[in-house]
Each structure stands twice: as C-alpha cells, then as structure tokens.
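In order, the protein sequences belong to chains S and P.
Each residue of the first sequence is one higher than the last, beginning at 1 in my numbering.
Each residue of the second sequence is one higher than the last, beginning at 1 in my numbering.
Incorrect hints may have been included.
Restricting the straight-line Cα-Cα distance to at most 27 Å, the calculated cross-link-like pairs of lysine-lysine (DSS-like) are [unchecked claim]: (1) P:Lys142 / P:Lys321; (2) S:Lys3 / P:Lys75; (3) P:Lys133 / P:Lys145; (4) S:Lys7 / S:Lys114; (5) P:Lys266 / P:Lys205; (6) P:Lys211 / S:Lys114; (7) P:Lys254 / S:Lys114; (8) P:Lys208 / S:Lys15; (9) P:Lys208 / S:Lys114.
Everything labelled a hint here was simulated from the structure, so no lab data went into it.
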Amino acid sequence: MIKIPAKVLIVDDEKDFVEMFSLRLTEQGEKVSTAHSGKEALKVLETVAIDVVILDIRMPGMDGIDTLKQIKALHPVVEVILLTGHGSTETAVEGMKLGAFDYLMKPADFEDIKIKLENARKRKDEQEERIRKAELRLLLRSSGDL
Amino acid sequence: MNKLDDDKIRLLLVDDEEGFRSTISKRLTKRGMKPVQASDGKECLDILEKEPMDVVILDVKMPGISGIDTLKAIKQTHKKIQVILLTGNVAITDGIEGIKAGAFDYLTKPVEIDHLVNKIKQAFEMIRLEKEKQKELEYRAKLEKKMIDTDRLVSLGTMSTGIAHEINNPLAIINESAGFMKYILGTPEMLKIPRRDALMMGIGKIEKSIKRAGRITHQLLGHVKKQESTLSETDIMPLLHETLGLLEKDIKDKQIKINWEIDKKKNIVWIDPYQMRQVLMNLLNNAVHALKENGSITLTTSESNDDIILEIKDNGIGIPKENLGKIFDPFFTTKSFDEGTGLGLFVVHKIVSSLNGKIDVTSKVGKGTCFQLRLPKYDKSNK
Numbered sequence: 001m002i003k004i005p006a007k008v009l010i011v012d013d014e015k016d017f018v019e020m021f022s023l024r025l026t027e028q029g030e031k032v033s034t035a036h037s038g039k040e041a042l043k044v045l046e047t048v049a050i051d052v053v054i055l056d057i058r059m060p061g062m063d064g065i066d067t068l069k070q071i072k073a074l075h076p077v078v079e080v081i082l083l084t085g086h087g088s089t090e091t092a093v094e095g096m097k098l099g100a101f102d103y104l105m106k107p108a109d110f111e112d113i114k115i116k117l118e119n120a121r122k123r124k125d126e127q128e129e130r131i132r133k134a135e136l137r138l139l140l141r142s143s144g145d146l
Numbered sequence: 001m002n003k004l005d006d007d008k009i010r011l012l013l014v015d016d017e018e019g020f021r022s023t024i025s026k027r028l029t030k031r032g033m034k035p036v037q038a039s040d041g042k043e044c045l046d047i048l049e050k051e052p053m054d055v056v057i058l059d060v061k062m063p064g065i066s067g068i069d070t071l072k073a074i075k076q077t078h079k080k081i082q083v084i085l086l087t088g089n090v091a092i093t094d095g096i097e098g099i100k101a102g103a104f105d106y107l108t109k110p111v112e113i114d115h116l117v118n119k120i121k122q123a124f125e126m127i128r129l130e131k132e133k134q135k136e137l138e139y140r141a142k143l144e145k146k147m148i149d150t151d152r153l154v155s156l157g158t159m160s161t162g163i164a165h166e167i168n169n170p171l172a173i174i175n176e177s178a179g180f181m182k183y184i185l186g187t188p189e190m191l192k193i194p195r196r197d198a199l200m201m202g203i204g205k206i207e208k209s210i211k212r213a214g215r216i217t218h219q220l221l222g223h224v225k226k227q228e229s230t231l232s233e234t235d236i237m238p239l240l241h242e243t244l245g246l247l248e249k250d251i252k253d254k255q256i257k258i259n260w261e262i263d264k265k266k267n268i269v270w271i272d273p274y275q276m277r278q279v280l281m282n283l284l285n286n287a288v289h290a291l292k293e294n295g296s297i298t299l300t301t302s303e304s305n306d307d308i309i310l311e312i313k314d315n316g317i318g319i320p321k322e323n324l325g326k327i328f329d330p331f332f333t334t335k336s337f338d339e340g341t342g343l344g345l346f347v348v349h350k351i352v353s354s355l356n357g358k359i360d361v362t363s364k365v366g367k368g369t370c371f372q373l374r375l376p377k378y379d380k381s382n383k
C-alpha cells in the first residue's frame with residue numbers, strides 16, 4: 001500500500017524538539033511544516049494546506065489553547081493534536097472540548113503519535129468527503145429546480 | 001480537692017525527733033494522708049531512691065546531712081518532688097535559704113496541723129499543674145513537628161512538580177533524537193555499517209531510560225491537584241474490592257489472607273473516588289509487598305464525629321523506626337529502582353491531604369505496619 005503523506009504542522013517553542021520531531025516525521029514520509037509560536041502557526045495555515053496540527057499547550061505569548069481556538073475558528077476542518085509537557089491532563093481535556101482531536105503527553109511514544117496522526121488525518125479526509133457530497137447534493141438539487 | 005485525692009499524695013516526713021514525727025504522722029493520718037517516715041537526711045534519700053514521692057516534709061535542723069543539703073540533693077535527682085521545710089522559730093534565714101534552693105515553702109515549728117495540711121495540698125496542686133504544663137509543652141512540640149513535616153512535604157511537592165515539568169521537555173527532545181537515530185540506522189543503506197549493533201544497543205538503553213524517567217515525571221505530575229476533583233459520597237467497600245482484584249495475582253501467589261472488619265454502616269466517605277483508588281492501590285500494594293507467604297491484611301473501619309477511619313494493617317516485615325519519619329518523602333524507597341520510584345506514599349500523602357483527610361502510620365519491625373486513613377464523612381467546605 002502506498003502511504004499518502006499527511007500534511008503536518010508542528011508547533012512548539014522548543015526549537016530542538018520541533019527540529020528532531022519534524023526530521024522523524026519526514027523520514028516516515030509525512031510532509032512537515034514547522035512553527036515556533038501560535039502566531040507563526042496561524043501564518044503558516046494561511047499559506048500552506050495542512051491536515052493535522054501538532055500543538056504544544058505551554059508556549060509563551062499565545063498559548064496552545066488560544067491558538068487552538070483561533071485555528072478552529074479560521075480552519076474548522078484542520079485537526080489538532082495537543083502536546084502536553086505537564087501531567088495535568090485537564091487542559092488537554094479542555095482542549096478536546098474545544099475541538100482538538102486528541103492529546104499526547106511528552107515524552108510521547110512514537111507509535112502512539114503515528115496512530116493518532118493517522119486517525120486525525122482520516123477524520124479530516126472523511127469530513128471533507130462529506131462536505132464534498134453535501135455540496136454535490138446541493139448542486140444537483142439546485143439544477144433540478146431549474 | 002477531696003479526701004480521695006489527699007489519699008493519693010505520696011508523702012515523706014523527715015525529722016530526727018521521733019516524738020514529733022509520730023504526732024504529726026498520727027494527725028495527718030486522721031486527715032486522710034499516710035506519710036512515710038524517715039529519721040534523717042540519709043534515710044530520706046534512700047527511701048526516695050526506692051519509692052516515688054510527691055511531697056517531702058523536711059526538718060532543717062538534723063544531725064548528719066543538714067536539711068538544706070538534703071533539699072539540694074532531692075532537687076538534683078528528683079526535680080518533680082516538692083519540699084516543705086520545717087524550721088525552728090528563730091531560724092527564718094534557713095527558710096529563706098531553703099526557698100532559694102528550691103523548696104516549695106517553709107513552716108516554723110511548732111507546726112499547726114491544718115496549716116501543714118493546706119501547704120501539702122498546695123504543693124501537690126503545684127505538681128499537678130506542672131505535669132499539665134509539661135504535657136501541653138510536649139503536645140505543642142509534637143504538633144509543631146507535624147506542621148513542619150507537612151510544610152516540608154508541601155514545598156517538596158511544589159518543587160518536584162516544577163522540576164518534572166521542566167524535565168519533560170528536554171526528555172521529549174532526547175526521545176525524538178534517539179528515535180530518529182534508530183530510524184536512520186534501520187534504513188537499508190545503514191544495514192552494513194560497522195558496529196551497527198553497538199550503536200543500536202546504545203540507543204536501546206537511551207530509550208529504556210527515557211521511559212523510566214518519563215514514568216517518574218508522570219507519576220510526580222499525575223497527582224497535581226485537579227481543578228475540579230469530583231468529590232462525592234463514596235462507598236469505600238467496592239473501591240477496596242476493586243483494588244484487591246487488581247492485586248489478585250500477588251495475593252494468591254503469597255496466599256495472603258484478607259480480614260474484613262468493615263462496619264457496613266461506617267464506609268461512606270466524601271472523597272474523589274478516582275484519587276481514592278490510587279491511594280488504596282498504593283497502600284494495599286505496599287502491604288502485599290511487605291508480606292511473606294501466608295501473611296494477612298486486616299481492613300478495619302471505625303468513626304469519629306467527622307471522619308471515617310480506615311485502617312490497613314499487615315503483619316509483614318514492618319518499617320524500622322529510623323525510616324518512619326521519611327516514608328512520605330519523595331524518592332525515599334528501600335526498593336530497587338525497577339520495583340518502585342519512591343513516590344507512592346508521597347503521592348498518597350498529597351492526595352489524602354487534598355481530600356481533607358489525614359494519614360498516620362504505626363509500625364514495628366517484624367510485627368507489621370498499620371496505615372490509618374481519616375477521611376471526611378461529609379463536605380467540610382460547605383459546613
């Protein structure tokens with residue numbers, strides 16, 4: 001089976017982490033973009049098509065939760081996986097209530113990451129598929145009215 | 001003070017004049033006091049060596065060791081004894097010197113018996129007061145120590161949580177880097193490089209250690225006080241059953257007997273069941289670990305006004321006295337690193353405190369250990 005690369009955006013203020021994580025995902029065949037802050041992430045999303053954002057919760061400036069809200073407002077179909085460096089999973093759960101797909105605890109197991117990433121991408125694909133079909137139905141109905 | 005109490009005063013009468021001694025003794029006996037008698041300082045000190053006394057009535061003018069010297073000797077070895085001096089009419093200076101040396105008071109001869117009885121009662125009252133004062137001092141010292149212990153644990157908790165936060169980030173970088181190297185070494189072009197196995201082994205060790213460090217940081221952070229810990233009326237019986245179920249294999253292997261002494265009316269507490277489960281898991285797991293084959297764990301409940309008291313008692317190896325003060329400290333452990341992180345009881349202590357409960361431990365080496373949990377019966381914050 002040919003792997004369809006996921007378009008991933010990694011957002012974390014830890015530059016070394018972003019670098020290594022993106023190298024690893026790239027080696028796995030994903031298409032990776034990176035950002036080191038919430039603002040930067042939103043800028044990337046404006047210009048690059050992204051399937052899944054992997055987003056650190058604790059960042060200086062605009063934190064993960066604020067960034068998540070913005071992403072969901074501007075790009076509702078893009079899936080977000082939260083990364084938490086601290087054990088209080090509350091924030092992560094709060095994030096999921098705000099529309100995040102799932103969360104991961106640092107240091108995360110790579111197999112876990114792969115599975116969650118794949119599922120997030122699948123959900124986005126399915127959602128887009130549903131939207132396409134709905135649009136098609138709309139189109140058919142409109143033309144039938146004529 | 002009534003007759004019954006007077007009867008309890010242990011009294012020693014010291015005077016070289018036998019006639020005087022027996023008269024006073026007779027009169028005191030009539031009033032419910034039974035003095036022991038001594039004829040000089042030496043006999044007095046000998047008696048005190050063997051028999052505990054409360055009050056000594058001591059003649060100042062005696063052959064042999066003088067009254068004042070006897071007094072000084074008494075005060076040196078029996079600090080709690082109160083001494084009433086008897087002085088001759090002309091020798092008031094003796095009395096004053098005596099008080100300076102620690103006598104309770106002095107009376108001049110000839111002694112009026114009611115006066116003496118009153119003095120004895122006052123002296124005894126003084127002893128009682130001092131005893132109470134001493135008790136209170138000890139209690140306060142104990143309380144202070146406990147407060148210092150709690151404070152220390154809280155600040156240790158805050159610090160270790162902070163450290164765990166900060167360590168997780170570099171740990172994540174190490175994790176990704178090691179994972180990346182491993183991936184590269186796994187690519188076909190790298191399969192034939194020299195000493196590839198050695199590199200793989202090194203990476204394997206790094207990955208194993210990352211997992212170990214991760215377990216520690218996650219455990220440290222796992223108990224961070226939840227913003228909305230869901231307190232509710234909870235039956236601890238099913239929690240105990242559930243937890244013991246998880247430990248079933250060890251319990252069966254060691255053939256451990258569980259004694260249920262739970263009062264069915266005394267098992268409802270106001271706690272967060274999820275956190276409580278973690279507490280029970282840690283305590284029961286420790287109990288199982290402490291036991292040899294055929295040991296037993298006894299679970300008891302009782303109640304006070306506000307609390308349910310749950311006791312988890314094992315008859316295992318016990319905790320040495322020198323370790324009892326340290327068992328709630330983070331990273332204190334007697335197990336090897338793969339058996340325990342030394343955080344279990346630290347977390348238990350933290351959770352129990354955050355649930356408005358208390359935890360105490362008593363233990364004897366070779367006899368076993370008993371953890372006593374005091375858990376609130378109702379929502380104390382709404383009271």
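Here is what the structure says about each hint:
no.	hint	verdict
1	P:Lys142 / P:Lys321	17 Å, holds
2	S:Lys3 / P:Lys75	94 Å, violated
3	P:Lys133 / P:Lys145	18 Å, holds
4	S:Lys7 / S:Lys114	13 Å, holds
5	P:Lys266 / P:Lys205	50 Å, violated
6	P:Lys211 / S:Lys114	18 Å, holds
7	P:Lys254 / S:Lys114	41 Å, violated
8	P:Lys208 / S:Lys15	24 Å, holds
9	P:Lys208 / S:Lys114	20 Å, holds
Checked against the numbered hints above, the structure violates hints 2, 5, 7; every other hint is satisfied.
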